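Residues 71 to 167 in the working numbering are what the sequence shown lists, from first letter to last.
Simulated from the structure, these hints should not be mistaken for lab results. The model shown is predicted, which means the values in this text are computed figures rather than measured ones. Treat the hints with care, since some could be wrong.
Stated by the list, open to error - Distance condition first, Cα-Cα at most 25 Å in a straight line; then the derived SDA-like pairs of lysine to any residue:
#1 LYS128 with GLU138
#2 LYS167 with THR148
#3 LYS85 with MET105
Unchecked claim - Label-pair ranges, simulated between beta-carbon atoms:
#4 GLU159 with VAL103: 53 to 63 Å
#5 VAL111 with LEU75: 38 to 48 Å
#6 GLN77 with ALA135: 42 to 52 Å
#7 SER149 with LEU84: 39 to 49 Å
#8 GLY115 with LEU75: 47 to 57 Å
#9 ALA132 with GLN77: 36 to 46 Å
#10 ALA135 with MET112: 56 to 66 Å
All C-beta atoms, glycine included, are put in the ideal place defined by N, C-alpha and C.
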Amino acid sequence: MATTLVQVRVDDELKNQANAVYDALGIDLSTAVRMFLKRSVMVNGVPFDMTLPKSGYKAERAARALWELSNAAMENGTSEMTLEEINAEIEAVRETK
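Input sequences plus hints: build the corresponding full structure.
See below:
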């Protein structure tokens, strides 16, 4: 089978980091690139997910919710409860149901 030369320009640091990863895996950079190309052909596309984070990233909402819960606990005087006190509160509520 005939072969052809493929050249790619990358910065030195990226190449060195990639080489370190592939060395640890026991392959060289050329083999890794061939694997990428073969897998691309197999899946008929890029062989990994390429997605952008959704707007309103969930971590922001989670952090905001945590902040709101923390403020509510401070207002209710429950922010300094121990785990034992929290469990006792939960058990008391369960007993009333």
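Now the hints, each set against the structure:
1. LYS128 with GLU138: 15 Å, holds
2. LYS167 with THR148: 22 Å, holds
3. LYS85 with MET105: 16 Å, holds
4. GLU159 with VAL103: 53 to 63 Å: 59 Å, holds
5. VAL111 with LEU75: 38 to 48 Å: 19 Å, violated
6. GLN77 with ALA135: 42 to 52 Å: 50 Å, holds
7. SER149 with LEU84: 39 to 49 Å: At 47 Å between Cβs, range holds.
8. GLY115 with LEU75: 47 to 57 Å: For LEU75 against GLY115, whose Cβ atoms are near 24 Å apart, the range 47 to 57 Å is violated.
9. ALA132 with GLN77: 36 to 46 Å: 45 Å, holds
10. ALA135 with MET112: 56 to 66 Å: 42 Å, violated
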